[in-house]
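Visitor: Here's the letter readout for the chains.
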Amino acid sequence: MSKLPDLWQDGLAAGWKVTDASQGGPDLKLECDVVIVGSGAGGGMVAEQLSSAGLHVVLVEEGGLYSSRHFNLRESEAYPQLYQESANRLTADKGITILQGRTVGGSTTVNWTSCFRTPADTLAWWRSHHGLDAMQDAALQPWFEQAEARLNVGPWQTDPNVNNALLAQGCNKLGIPYSPIRRNVKGCWNLGYCGTGCATNAKQSMLVTTIPAALASGAQLLTRVRVQQLLLSPGRSHAEGIVGQALGPDGIQPSGRRVEVRARQVVLSAGAIGTPAVLLRSHAPDPYRLLGKRTFLHPVVMSGGLFRQRVEGYNGAPQSIFSDHFLHTQPLDGPLGYKLEVPPVHPLIMAATLPGNGPVHQRLLKNLPYWQVSLALMRDGFHPESVGGSVGLRSDGTPVLSYPLGAVEWEAARRALLKMAEIQFAAGARVVLPVHEDAGLATSWRQAQDMIRQLPMQILRTRVVSAHVMGGAMMSADERHGVVDQTGRHWQLDNVTVIDGSVFPTSIGANPQLSVYALALRAADALRRRL
Amino acid sequence: MTINRRQFIRTGLLGAVALGVAARLAAPHPAPGFAASAADRQLIAALGRGMLGSLPATAPISLVDNTLAAIAGLPLASQAELRQLFDLLQQPLARMALGLRPAWPDASAEQVRATLDGWRYSRLTLLRSAYQGLHGLLYAGWYGDTASWAGMSYQLPASMKGLLNE
Numbered sequence: 122m123s124k125l126p127d128l129w130q131d132g133l134a135a136g137w138k139v140t141d142a143s144q145g146g147p148d149l150k151l152e153c154d155v156v157i158v159g160s161g162a163g164g165g166m167v168a169e170q171l172s173s174a175g176l177h178v179v180l181v182e183e184g185g186l187y188s189s190r191h192f193n194l195r196e197s198e199a200y201p202q203l204y205q206e207s208a209n210r211l212t213a214d215k216g217i218t219i220l221q222g223r224t225v226g227g228s229t230t231v232n233w234t235s236c237f238r239t240p241a242d243t244l245a246w247w248r249s250h251h252g253l254d255a256m257q258d259a260a261l262q263p264w265f266e267q268a269e270a271r272l273n274v275g276p277w278q279t280d281p282n283v284n285n286a287l288l289a290q291g292c293n294k295l296g297i298p299y300s301p302i303r304r305n306v307k308g309c310w311n312l313g314y315c316g317t318g319c320a321t322n323a324k325q326s327m328l329v330t331t332i333p334a335a336l337a338s339g340a341q342l343l344t345r346v347r348v349q350q351l352l353l354s355p356g357r358s359h360a361e362g363i364v365g366q367a368l369g370p371d372g373i374q375p376s377g378r379r380v381e382v383r384a385r386q387v388v389l390s391a392g393a394i395g396t397p398a399v400l401l402r403s404h405a406p407d408p409y410r411l412l413g414k415r416t417f418l419h420p421v422v423m424s425g426g427l428f429r430q431r432v433e434g435y436n437g438a439p440q441s442i443f444s445d446h447f448l449h450t451q452p453l454d455g456p457l458g459y460k461l462e463v464p465p466v467h468p469l470i471m472a473a474t475l476p477g478n479g480p481v482h483q484r485l486l487k488n489l490p491y492w493q494v495s496l497a498l499m500r501d502g503f504h505p506e507s508v509g510g511s512v513g514l515r516s517d518g519t520p521v522l523s524y525p526l527g528a529v530e531w532e533a534a535r536r537a538l539l540k541m542a543e544i545q546f547a548a549g550a551r552v553v554l555p556v557h558e559d560a561g562l563a564t565s566w567r568q569a570q571d572m573i574r575q576l577p578m579q580i581l582r583t584r585v586v587s588a589h590v591m592g593g594a595m596m597s598a599d600e601r602h603g604v605v606d607q608t609g610r611h612w613q614l615d616n617v618t619v620i621d622g623s624v625f626p627t628s629i630g631a632n633p634q635l636s637v638y639a640l641a642l643r644a645a646d647a648l649r650r651r652l
Numbered sequence: 004m005t006i007n008r009r010q011f012i013r014t015g016l017l018g019a020v021a022l023g024v025a026a027r028l029a030a031p032h033p034a035p036g037f038a039a040s041a042a043d044r045q046l047i048a049a050l051g052r053g054m055l056g057s058l059p060a061t062a063p064i065s066l067v068d069n070t071l072a073a074i075a076g077l078p079l080a081s082q083a084e085l086r087q088l089f090d091l092l093q094q095p096l097a098r099m100a101l102g103l104r105p106a107w108p109d110a111s112a113e114q115v116r117a118t119l120d121g122w123r124y125s126r127l128t129l130l131r132s133a134y135q136g137l138h139g140l141l142y143a144g145w146y147g148d149t150a151s152w153a154g155m156s157y158q159l160p161a162s163m164k165g166l167l168n169e
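Going down the list, the protein sequences come from chains Y and F.
The opening residue of the first sequence carries number 122 in the numbering used here; numbering runs sequentially from there.
The opening residue of the second sequence carries number 4 in the numbering used here; numbering runs sequentially from there.
Keep in mind that a hint or two might mislead.
[Said to hold, decoys possible] Result set (DSBU-like, lysine-lysine): computed pairs, CA atoms no more than 35 angstroms apart in a straight line: (1) Y/150 <-> Y/138; (2) F/164 <-> Y/294; (3) Y/124 <-> Y/138; (4) F/164 <-> Y/215; (5) Y/307 <-> F/164; (6) Y/124 <-> Y/487; (7) Y/294 <-> Y/124; (8) Y/138 <-> Y/294; (9) Y/138 <-> Y/487; (10) Y/215 <-> Y/414; (11) Y/150 <-> Y/414; (12) Y/138 <-> F/164.
By construction, these hints were calculated from the structure, which means they are not laboratory data.
If we strip away everything but chain F, and leave its shape as in the complex, we get (with noise of 0.2 angstroms):
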């Protein structure tokens, strides 16, 4: 069973990468660097629901955008890598694959973090490093902006109030 299920992941897997490369070769100018598109914001939150879990109300917008200003701020090699999986998970078969049925912007909270769970525990070293990477960029979108303070009780040192510049 065991066996069976791990030979459908990798099998799964390799599919969905092959998928994700063809769409590459397909675009017609790769930009260097990651290139966002209206797509790739509604992955984001989605993500970012999973991930994260419910936010306060403004929360989503600045997250999708942070998480854009971060991935810019990235090495090309690095944005090129995120690009790959970015393509990758938006091919509705590999989706599928990596363990989401509905289209990231119908899915649940639940279901996205089921899946993202899914790459956590995975035996794959790749599906490990895709949920780590996804893990950090996300983190860092949502509490390195300061409306996540308050939720923290978390302020900036009182003996440097007025000595920075907002």
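Here chain Y stands alone, though its shape is the one from the complex (with noise of 0.2 angstroms):
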């Protein structure tokens, strides 16, 4: 637990109404104007601003309220408590780790803080290819610049950790570009744990910005009600509420405690896995097939590279250096083109994600400290073969993502491995991993190259994870071709309103909570109106 001042504290005394389901009586029922799913990067924009034009909003989130005092920087207790399926959400086929967070705040408390805007080759593919006239950059900057402003999006003004500056040190070497991130943060003490819980409240997530506004604004907080479905009217063409179940408090079980929220509007902002989920359990009108599909994660592969100097990829601001290098080196719907950035390095993780077992891998572990580690995003959902998954429910009703990988992914994941080891070794690097179970260490570029070359390119051998899931509600100029139009509006129920990545109809291309932003204070603008 930290020690260092709360705002949640200050808060629920001055009496914020939050009500946490999981400690039990009777059910709830509650009438509001605006009811929201989840309060993630989409739900808790939207919270703030439709709170703040007096109306009567309620925020429901499955997972708990966690807030500065009880993050220990312990991937332990973090895990478990503030991610989805304890950071071990995996697809159908278990070939994709998903990261992806279950807390008030959503992944925004969890993520490592960088902000891109919605990169422009991405938004004139959206309207040339999917009729997304709106999506001008123009019309957009505006809301980027809201967003930006709303969370102190800056450039990060210290030094990169030597994780970061390997990767930069390593690019430079080649003639490969690369640029500073930009961070949502204020007063960051660069500590390195964005990932269990920012325990300074530096991080402008939804859990210390646009929530507490809201709460402040009067609108209420469920916690630990996971949401079953829309209550839908007759004629399946209007929600006159949600109905969920509250959980216990593992938050796992439901308790048998039942939660109904009948409102005037239901905004859906449960994430591109949670959103499409609520709406098949709902039986929601579908027409044209196309609910929970098209989700998009850029797969993400990764390099260890072990250096002489300790590197302590565990200290320090996560992401402050990336390259869009190889997402311009051939055509937007050509051989999947990647980002490049690196992740923090702590050791659970490291552990559980670097291959092999036994004396081998204790060698890898006890070396923590000298890891340098890379990873490549590829952008899917702009070549004609990479249409992404889909979300299914399982026979418990628990949503499952199915995403096979093929060809297309496999050979840029090969590129990229290849590329990553090559900048590595170029940074002084003494060995390489790259992270696939077949693989061995190589001490040179040139081993590297013949080992990467032969490695198998199958899931549960190549490592493959994602913490940026998009789609599978995605947005479209007319009723035909997508399931809300372009303000997030559901096509055929007329007062419910999608507000997160789900929307998107390719992936972004950068890492997306930006994009969500953005366009989620677009959508509560055109919802207010409608209001």
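Build the complex: two chains, separate frames, hints provided.
Guide: As structure tokens, this is what we get:
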């Protein structure tokens, strides 16, 4: 637990309306103007906008309320408390591990604070190939500016940590352009523990910005409630609210307590797996069979470089350097491009991610402070064969994402593993280990090339992860080609609005939080006008 | 030769799965979730010996506790899958079909590791996913524990000293 000041303590003392549904009691029945399902990047933004406009908002979150006083930098506590499925959400074939938040503030509470506007070439593609004529750079600019001002997005003035600096150094040696990453922080201590919840409240997540502001304007927050479905009108053209089940104190098993919120408007902000799941469980109209389809992940492959000097990838801002060079070396719809960044290197996640076992793996971990790790996130959803995954329901109603990796993704994965190894050797790595079960330690770039060219590219051998779930309820200019319109309004349910990353018709090609924020502000404004 | 071996593995696996399912159906009232037993603790200790290699003397106890705590934190669907896997591994015929002759508590670290490596490189994604699932759980169980930190010369940031309640 952090002993630093926690604005939630003061807010709760001042009478913020927060109900932890796991605490037991009679069934809950509420009425409001707008019920918002999910408190992450989409839900947090819209909650503040609508509450400040005088509307009565109820925000419903599946996770618990954890704030700075609970954050103690321990992975073993943070992953089960703050992440979906203990930071081990898997695709249906278990080939991809997904990092996604499940707590008040959603993924914004645990993300690594990287901020990018939606790339211009992505928006141009949405206009030309998906008919999204409203997605004009100039028209979106004010929304980006508003989001950036609200969340203090700005250049990171401190030197990058060694993990990031080595990516820059390697790129520099090879003539690959790279840039600093903008971050949504205020008074950041440069600790490196963004992923376990910011103990110093520097990260301008929804947890410390919009949600407190919404509560101060009279909004109500329900935690530990898993929303089951929409209450649909008999004609299935309108939602009358939502029903959910309270979870027990373990946050896993439903307690039997029923939660019903009746509302004039329903906003779905449960993320690109959760939002399609709510609509699927509700048997919402889906005349063109598009719901839960085209879910994108920015599938990530990783490479470890062992250095002579201490890297201490657990210390310092996790992400401060990136290179988009390999997003631009082929056409947008050609072989998949990838963005280069680094992840923070903490013991638990590193141990679980690195291949191998026994004494060999022990030696890898003994050298934890000397590892530099690079990652390549692939831009999916543009190549004709990169159609993403689909969200379905298990027999117990919980969602599962099926995302088969095909030849297009594997070709890009191999290409990215090669390039990351080359960059790591250029930066002075003594040894490079592609994160793959069949890989060994390469001591030269030549040896790495020979090895990586031979690696079998298969799930559960090549380690593939994702921290960006997008799509599944895509926007479209007409009802035949999407689930929602260009302001997030559901085509068949007139008072249901989707405000999260589900609305993207492709991946973003950059860390998506700022894209979600800007489109959320825009959608919230349109919704407020409709009310 | 390869084909024969693969056929054997497939047949063995199918038989093993059938046995596991039978054991599950025979259980009187399957509780929701994992519901750990004493045999599960022995199995985790054995799998840990093989997966992690030799650890400090006190590690195995916390490894078992931490792993069970991690399982209890998973969604019910994942807990049910792990229950099936554990039931399967505890069937002697299934265990042998999956590559381990001695009972789990009697198996050496090398024998367990050889079995796990068989799954790790298997052509069957089911076996690879069992390996990867156990890999993640066991490594989280040990390297999430502060007792493992000294071995990596890892520590929390000095600037937070005194600011965290332990």
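Visitor: Take the C-alpha atoms of residue 124 of chain Y and residue 487 of chain Y, compute the straight-line distance between them, and say whether it is at most 35 angstroms.
Guide: Given pair residue 124 of chain Y, residue 487 of chain Y holds - Cα atoms ~31 angstroms apart, limit 35 angstroms.
Visitor: Holds or violated: are the alpha carbons of residue 124 of chain Y and residue 138 of chain Y at most 35 angstroms from each other?
Guide: At roughly 24 angstroms apart (the allowed maximum being 35 angstroms), residue 138 of chain Y and residue 124 of chain Y satisfy the hint.
Visitor: Would you mind confirming whether the straight-line C-alpha gap from residue 294 of chain Y to residue 124 of chain Y stays at or under 35 angstroms?
Guide: With Cα atoms ~44 angstroms apart, residue 294 of chain Y and residue 124 of chain Y exceed 35 angstroms; violated.
Visitor: Given the proposed pairing of residue 164 of chain F with residue 215 of chain Y, does the C-alpha separation stay at or below 35 angstroms?
Guide: violated (39 angstroms)
Visitor: Would the hint linking residue 164 of chain F and residue 294 of chain Y be met if the CA-CA limit is 35 angstroms?
Guide: violated (38 angstroms)
Visitor: With the threshold set at 35 angstroms, check whether the alpha-carbon distance from residue 150 of chain Y to residue 414 of chain Y stays at or below it.
Guide: holds (33 angstroms)
Visitor: For the pair we were handed, residue 150 of chain Y and residue 138 of chain Y, check the Cα-Cα distance against 35 angstroms.
Guide: holds (15 angstroms)
Visitor: With a cut-off of 35 angstroms on the C-alpha distance, tell me whether residue 138 of chain Y and residue 487 of chain Y pass.
Guide: Not satisfied, since the Cα-Cα distance of roughly 48 angstroms exceeds 35 angstroms.
Visitor: Within 35 angstroms, alpha carbon to alpha carbon, are residue 307 of chain Y and residue 164 of chain F?
Guide: Judged against 35 angstroms, a Cα distance of about 21 angstroms means the pair holds.
Visitor: Regarding the pair residue 138 of chain Y and residue 294 of chain Y, is the alpha-carbon distance no greater than 35 angstroms?
Guide: Answer violated: residue 138 of chain Y to residue 294 of chain Y is near 55 angstroms, above 35 angstroms.
Visitor: Going straight from one Cα to the other, do residue 138 of chain Y and residue 164 of chain F come out at no more than 35 angstroms?
Guide: holds (34 angstroms)
Visitor: Could you grab the alpha-carbon distance between residue 215 of chain Y and residue 414 of chain Y and see if it respects the 35 angstroms cut-off?
Guide: Holds, at roughly 19 angstroms.
Violated hints for the displayed structure, listed by number in ascending order: 2, 4, 7, 8 and 9.
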